[in-house]
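Engineer: Letter by letter, the chains look like this.
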Amino acid sequence: MRDDSSSVARLVARAADGDQAAWNEIIERYAPMVWSICLRYRLSSQDIEDVGQGVWLALVEHLGDLREPSALPGWLATATQRECLRVLRAARKYDRFGPVPDELPHPAADDAMIEQEIIAAERNAALRAAFSELAPRCRELLSMLITDPPRSYAEISTILRIPVGSIGPQRARCLERLRRSRSLSAFMDGESMPARVRASGGKTRA
Amino acid sequence: MRDDWDDDQLLAALGEAIRARDTVPARFIEAAKNAYAWHNIDAELAELTYDSSRDESLSAAVRSENASIRALAFTSAHFSIELEVTEDSLVGQIIPPREGTIEAQTGAGATTATPVDKMGFFSTEPIPASPFRLHYRTAEGTDLVTGWITL
Chain A
1 MRDDSSSVAR
11 LVARAADGDQ
21 AAWNEIIERY
31 APMVWSICLR
41 YRLSSQDIED
51 VGQGVWLALV
61 EHLGDLREPS
71 ALPGWLATAT
81 QRECLRVLRA
91 ARKYDRFGPV
101 PDELPHPAAD
111 DAMIEQEIIA
121 AERNAALRAA
131 FSELAPRCRE
141 LLSMLITDPP
151 RSYAEISTIL
161 RIPVGSIGPQ
171 RARCLERLRR
181 SRSLSAFMDG
191 ESMPARVRAS
201 GGKTRA
Chain B
1 MRDDWDDDQL
11 LAALGEAIRA
21 RDTVPARFIE
31 AAKNAYAWHN
41 IDAELAELTY
51 DSSRDESLSA
61 AVRSENASIR
71 ALAFTSAHFS
81 IELEVTEDSL
91 VGQIIPPREG
101 TIEAQTGAGA
111 TTATPVDKMG
121 FFSTEPIPAS
131 PFRLHYRTAE
141 GTDLVTGWIT
151 L
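One line per chain: the protein sequences are A and B, in this order.
Heads up: the first sequence begins at 1 in the numbering used here, then just goes up one per residue.
Heads up: the second sequence begins at 1 in the numbering used here, then just goes up one per residue.
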């Protein structure tokens, strides 16, 4: 993944160079992680929007000088955590009925959570990219199989007009293509590399 | 992801990945994409170099006496901008002094322009909504932006 045109480092370089499409791709990949970290801090949706704004503006500002562009997910996670804590501190200052200081999340205790979020974000981004590489027919079938609650084979058979008996074999074939897709195999190769460098996150803002 | 994931595990992981994306509101994604509008590869960046609210050397007495004024400084290779934030206005000084324009840009996209006089002085009111940054330009081609400011 690191060597092909869609690697994180390439996306960062292209975005720093003025390519809006590369920026959008970064957002599609990592906005879910920013959102998810905010939920972990139990922020309101208004506060989450503030955090998002702070994180993306910091990234826009530092696109050209990230020390380790390939560690962008770690940088974003750290920047998100910092913004969440800033919002929580601000709320505590103005809301006398807010949580007492001891109940506020402790940054050090949250490092494991942040680490998990980074790993999940990279896995999810690779899976979504692999999914988008599949033929429409496979995407349709797999989409139906991952709904919650899952659709019955009888329903799928009616909607896709395929015999119930062929759903199982098609499911297996589509999953095999997913497994062998460029994005997912590149991700698996990447995973055997040494642990990712955890970047220090965006510089402090006023 | 592991090679030994079976079909059920792979399908579950795919479901999780798709849902993680689908639960994010469209406007959150849109706002994030729009933030790129502030990307400016030409302007020189002036970084925050002083913030009175973080100055440990100020005694508690001095701090509370001046609680209503916050002082900030931004510095680049060629310029610095000193800023004082009072209750309802923003007062600043460009060093070295040069006539020009200061534009306050908010993260939400609003802008207000204020002239900078020959002494390098400017004043803007009301205080822009946070976060915002200042963009300083002169007729001679100076093009400087500060880091984002959250008050």
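One should not assume that every hint holds.
What the hints assert, rightly or not - Distance windows between CB atoms, simulated:
no., chain 1, residue 1, chain 2, residue 2, range
1, A, Pro150, B, Asp42, 51 to 57 Å
2, A, Pro169, B, Lys33, 39 to 45 Å
3, B, Ile69, A, Gln46, 38 to 44 Å
4, B, Ile69, A, Ser185, 57 to 63 Å
5, B, Ala113, A, Asp19, 38 to 44 Å
These aren't lab readings, by the way, just hints derived from the structure by calculation.
Since the model is a prediction, treat every value here as computed from it, not as a measurement.
Cβ coordinates follow ideal geometry from the N, Cα and C atoms, glycine included.
Engineer: Indicate, hint by hint, whether the structure satisfies it.
Structural biologist: Structure-based check of all given hints:
1. A:Pro150 / B:Asp42: 51 to 57 Å: With a Cβ separation near 52 Å, A:Pro150 and B:Asp42 satisfy 51 to 57 Å, so the hint holds.
2. A:Pro169 / B:Lys33: 39 to 45 Å: Cβ of A:Pro169 to Cβ of B:Lys33: about 40 Å, so the range 39 to 45 Å holds.
3. B:Ile69 / A:Gln46: 38 to 44 Å: violated, 29 Å
4. B:Ile69 / A:Ser185: 57 to 63 Å: The hinted range 57 to 63 Å holds for B:Ile69 and A:Ser185, with Cβ atoms some 59 Å apart.
5. B:Ala113 / A:Asp19: 38 to 44 Å: Taking Cβ atoms as reference, B:Ala113 and A:Asp19 lie about 29 Å apart, which means the hint is violated.
Checked against the numbered hints above, the structure violates hints 3, 5; every other hint is satisfied.
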